[in-house]
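Residue strings, one per chain:
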Amino acid sequence: MAPSVERSFTAASTLEEAMAARRQGAAVLAGGTWMMRDPRRGVDLPEAVVALHRIPALSKVEIEPDHVVIGAAVTHAVLGRALHGAVGFEGLVAAAENAANPGIRKVATVGGNLCALDFAAADLAPALLVCEAAVELETFEGPKLLGISDFLKDRHALLAEAIVTRIHLRRDLVASAHIRLPLRKAGDYPVAIVSLAVDKDKRCRIAVGSVEPVARRWTALEQAMRAGPAYALDPERTAELALEHNDFQGRGGKEAEGWYRRQVLPPLVKRGVAALLKTGGLA
Amino acid sequence: MTVTFQLNGEDCRFDGDPMTPLVDILRQERFLTGTKAVCREGFCGACTVHVDDEAVPSCLKPVGLVQGCAVTTIEGLSFGSQALHPLQANFEAVDAVQCGMCFPGMVMSLSAFVRDNPHASRPEIKAAMAGNICRCTGYERIVDAVADCLDQARKAGQLVGGIHV
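Protein chains in written order, with our numbering: chain S, 3 to 285; chain Z, 18 to 182.
Looking at chain S on its own, in the form it has when it is part of the complex (with noise of 0.2 Å):
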């Protein structure tokens, strides 16, 4: 064990307590997966912590007929049962299903998993760049909401001021589908993610994680499919338009090297769409 340390441990019961704590520094605890593993990666766990899971708006999904609202502090396996069957987020239940194993899913957070600056294999990333989510933040200035794309890209420089509070999702999806490459069942990070999902405008969305720092939308491959004279989704047509306008830089990494990662994709957009077609909403 650690020799004793001089720590200020915030569990906060309001946001305006979160925040009081992060004005004066406090790093935010989730479910810990991440920040916990700090000293293996050589990092010393922050001075000061506050954590959110006594928060109990953000421990809360709420679905309506058309929206649904996650909290930030809500963990994978509790957001894979609440939306276990809801049309169009078939995708995102798998995401939360599947990521890392059920000890972890129990304890780590949506919050937590899009909050990791330097995990790119994050599930959940993926799944709702589909959906096209809104992040909500409470700012030092007061509540901000922004496309998840634009908060992945900028959430260094966001969470330095912020907390990410609520995840906000339009039910505007008839299915998606998420195809995740491990090298094991269980134990290690994903190669490459495929989310996929298709909109109440028969338009697909495609996502990629784990194969860049970042996950991100594939605009490429989405245009390439919209622009088909006889547009239809279909998973070996699909695959080799991915081949075609595959736009990503492999990282490096110890499960898998750059290359590699980028060179799976097309098979996984074939697996995906194939996915997506057996979902209630295609089928």
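What the hints contain is simulated information worked out from the structure, not anything from laboratory work.
In this text the structure is predicted, and so the values were computed from the model without any measurement.
Just so you know, not all the hints are guaranteed correct.
[Stated by the list, open to error] Here are the simulated DSS-like cross-link-like pairs (lysine-lysine), alpha carbons at most 30 Å apart as the crow flies:
1. S/K256 / Z/K143
2. Z/K143 / S/K108
3. S/K146 / S/K280
4. Z/K172 / Z/K143
5. S/K62 / S/K202
6. S/K146 / S/K202
7. S/K280 / Z/K143
8. S/K280 / S/K108
9. S/K108 / S/K155
Could you slot chain Z onto chain S? The hints should help.
Positioned in the frame of chain S, the structure of chain Z alone reads:
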């Protein structure tokens, strides 16, 4: 900082760094060495305990987060004078235990699983074990034992969800 919680049914108080991993307090302060600290990354499952009835890795649980919670370790699953948990009894009956390193974590993960999933299929049992690594690779016998346990409970007309944990 002082953290208080229930540990195997008894009051427990910890004075010190609230970011101390729960596993270290269990093993080094409470001498509950059934909980193993192996990978310390949440990958191997050997440190699994129940926190408010959920099976979670204690290596990644800062003790500050268990304030007011009920923690159960393998030692608290069935005390010496009590009958073994049905899952433990089944593991013993089919001789599923090999080196024993992973087993406390296996039992803690799977006892919560059988409680919550009395009709689990074999693939569901395997999925529930995905976070518990057995270096002896004795998985099939473990799956057999869990399936037998659920089967016996069903035949006895007992709700496996009623298994005490």
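Quick one: which hint numbers does this structure break? Sort them smallest to largest.
-> Number 3 only.
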